[in-house]
Amino acid sequence: MLKLVGVSKTFFPGTANERRALRQVALELAEGDFATVIGSNGAGKSTLLNVIAGSLATDGGAIMIDGRDVTKLPANRRAGLLARVFQDPQAGTAPHLTIEQNMSIALTRGRRRGLGPGVGRRRRAEFREQLAVLGLGLENRLKTRVGMLSGGQRQALSLLMASFTRPKLLLLDEHTAALDPARAELVTALTEKVVADSQLTALMVTHNMAQALRVGNRLVMMHEGEIILELCADQKRRTTVADLMDRFTSVKGQMADRSLLS
Amino acid sequence: MQNAIEQGLIFALLALGVFLTYRILNFADLTVDSSFTTGGGTAAILIYNGADPYLATAAGCAAGALAGLITGLLHTKLRIDPLLASILTMLALYSVNLRIMGGPNVGLNLRDGQPVETIFLPLKQAKLMASWQAVGILAAVALALTVVIVWFLATNFGLAAQATGDNPQMAVAGGISTDFTKIVTLMISNGLVGLSGAVYAQFQGFADVGMGIGLILVGLASVIVGNAILGTRYMALAVLGVVVGSVVYRLVLYYAIYWEIAAAGDMRLISAVLVVIALVISQSERLRGWAARISPFRSATIPEPLTAPELRAEPAEGPTPADPTPADPAPARPALVRPAPADPDQGEEG
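Chains as they are written, first to last, in the numbering used here: chain U, 1 to 262; chain Y, 1001 to 1350.
The set of hints was computed from the structure by calculation and includes no laboratory data. Do not rely on the hints blindly, as some may be mistaken.
[As the list claims (entries may be wrong)] Stretch by stretch, here's where chain U covers chain Y in the computed footprint (C-beta under 8 Å, at least three residues):
1. 1006-1016
2. 1164-1170
3. 1173-1181
[To be verified] No farther apart than 25 Å at their CA atoms in a straight line, the calculated lysine to aspartate or glutamate pairs in the DMTMM-like style are these:
4. Y/Lys1127 to Y/Glu1117
5. Y/Lys1077 to U/Asp59
6. U/Lys72 to Y/Asp1179
7. U/Lys193 to U/Glu230
8. U/Lys3 to U/Glu31
No residue lacks a Cβ here, since even glycine has one placed at the ideal position from N, Cα and C.
Construct the entire structure; sequences and hints are all you get.
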């Protein structure tokens, strides 16, 4: 479903601040895969998501989604294939638009937007049904402006908006990081539910190792722009947070040695 | 007074255009100052040369839209800041407007001793200018356009345009080409401004190269006054408020001069001060709360209590702490607008 071949990205090339955020990253997700991505700050996790979503252009390599080469497509033209939930609960919704209007924008993602009504009776019924899945009572507040919702509610709505259209690929960028623990739990549970219900292919960045091990069927660890560890479902089940930490420390040590020697 | 209301209704078209850029797109578009003249000048020169006045008015509207297209292209394709892009178009259009009109002004009252045929000629001949009948006709036009704009904003494309101004990041992630929505909305906005200019030129009987100077201020004042009166909670009321605001603005000008509170030349200064006050109010939490309390329609600025059972789906881990991220009241839009430089030579026509 998703295939990355030799994807590289360097920020500020040729300057003192040059930073190689992605080095020849290769990654393949099969249909229905739910991979979690972990790594320390600056490992390139977010850059990876931005490059896949098209918010950042790559320096080299190719990105394929559902067999289509999207490497050169701008973000808004990839939107028909993928959907995204951001870390900031404010980022995924339009605060001055109502819940149903936000849902309408999500529904028409990647389609031509003409002069048909944004929210008609049929759509409203569908939105109500979808919102009921969240169990937050939002289905009774279709005409509430999204800016009135709490961070947790907004993030749950963002998640629903990203998933109910069944995109080929769902990108989750530390989407629970800005929430308090209870809200984060709720949104994580919702995430697992919608991904399972709609059988989505998903890539979730997190900095919570326990969450990364618990959620999804694959795990990817990044460090300094490279994928240093990939676990399949079986391996993932047997791995503990302590194992991951060990693994991370040893790889980091090796890499430090390597950079000292080179 | 009817004359002031007529003017208010004609300038309401301009204010509707300003509403689309300033409120919907969050784009401080100063093109208005010149696209008004472009619309007025285009219509005037066509009418002067014998064109059908309605076609000429439509041409004025199209010319305004073209001006909006230029600003849109400067901003989206050449990545020029909105304010600067619109100022560049505004300044460049001054020269273009002189070319269009072939001089600094075009008269529309008499040509070769015959009255020039404008859209107002039938009213003038029936001695119905500044009458309630004329007010009714203009009000019908303004209301029809209000309905069209409210409809437009509720369409799929209209929602995309709203999202573009409200949260560009979300809009792009939702597959919206924000460049395209900006360009189209700028064209519609300046089309309305051009239409306003075309009608106003025929109303006052001439087009003048300076007729648009400072009108961005009039448009902003109308939007702000109107939204203060009718609120922004419902889109239909917000758009209707713009028309109301434009009429109220003209009436205030009219009475300020009528009762000799102010001279015609003072109006720019007063308008600018009004806009500044309104912007300050809209940005200050405390003042906003105060304004919300005294106004019956402005409940949008007070977060409604969260009565929904938002904790229902919470995993059973004992009591949940209060939500640390409370509902944020809709954040104030950044003040993008600098008052246009006041031009003391340019008296208001109030």
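Hints, verified against the model:
Counting residues of the stretch 1006-1016 of chain Y whose CB lies closer than 8 Å to any CB of chain U gives 0, which falls below the minimum of 3, so the coverage claim is violated. For the stretch 1164-1170 of chain Y, the proposed coverage by chain U is satisfied: 4 residues have a C-beta within less than 8 Å of a C-beta in that chain, meeting the threshold of three. Coverage of the stretch 1173-1181 of chain Y by chain U holds. Counting CB-CB distances below 8 Å, 6 residues qualify, and the rule asks for three or more. Note on Y/Lys1127 and Y/Glu1117: the hinted pairing holds, with a Cα-Cα distance of about 15 Å set against a maximum of 25 Å.
Among the hinted pairs, Y/Lys1077 with U/Asp59 is consistent with the structure: their alpha-carbon atoms are about 22 Å apart, no more than 25 Å. Distance hint between U/Lys72 and Y/Asp1179 is fulfilled; the C-alpha atoms sit about 18 Å from each other, no more than 25 Å. Taken as a hint, the U/Lys193 and U/Glu230 pair is honoured in the structure, with Cα atoms around 24 Å apart against an allowance of 25 Å. For the given pair, U/Lys3 sits about 11 Å from U/Glu31 by alpha-carbon distance, which is consistent with the 25 Å threshold.
The structure does not agree with numbered hint 1 stated previously, though it agrees with all others.
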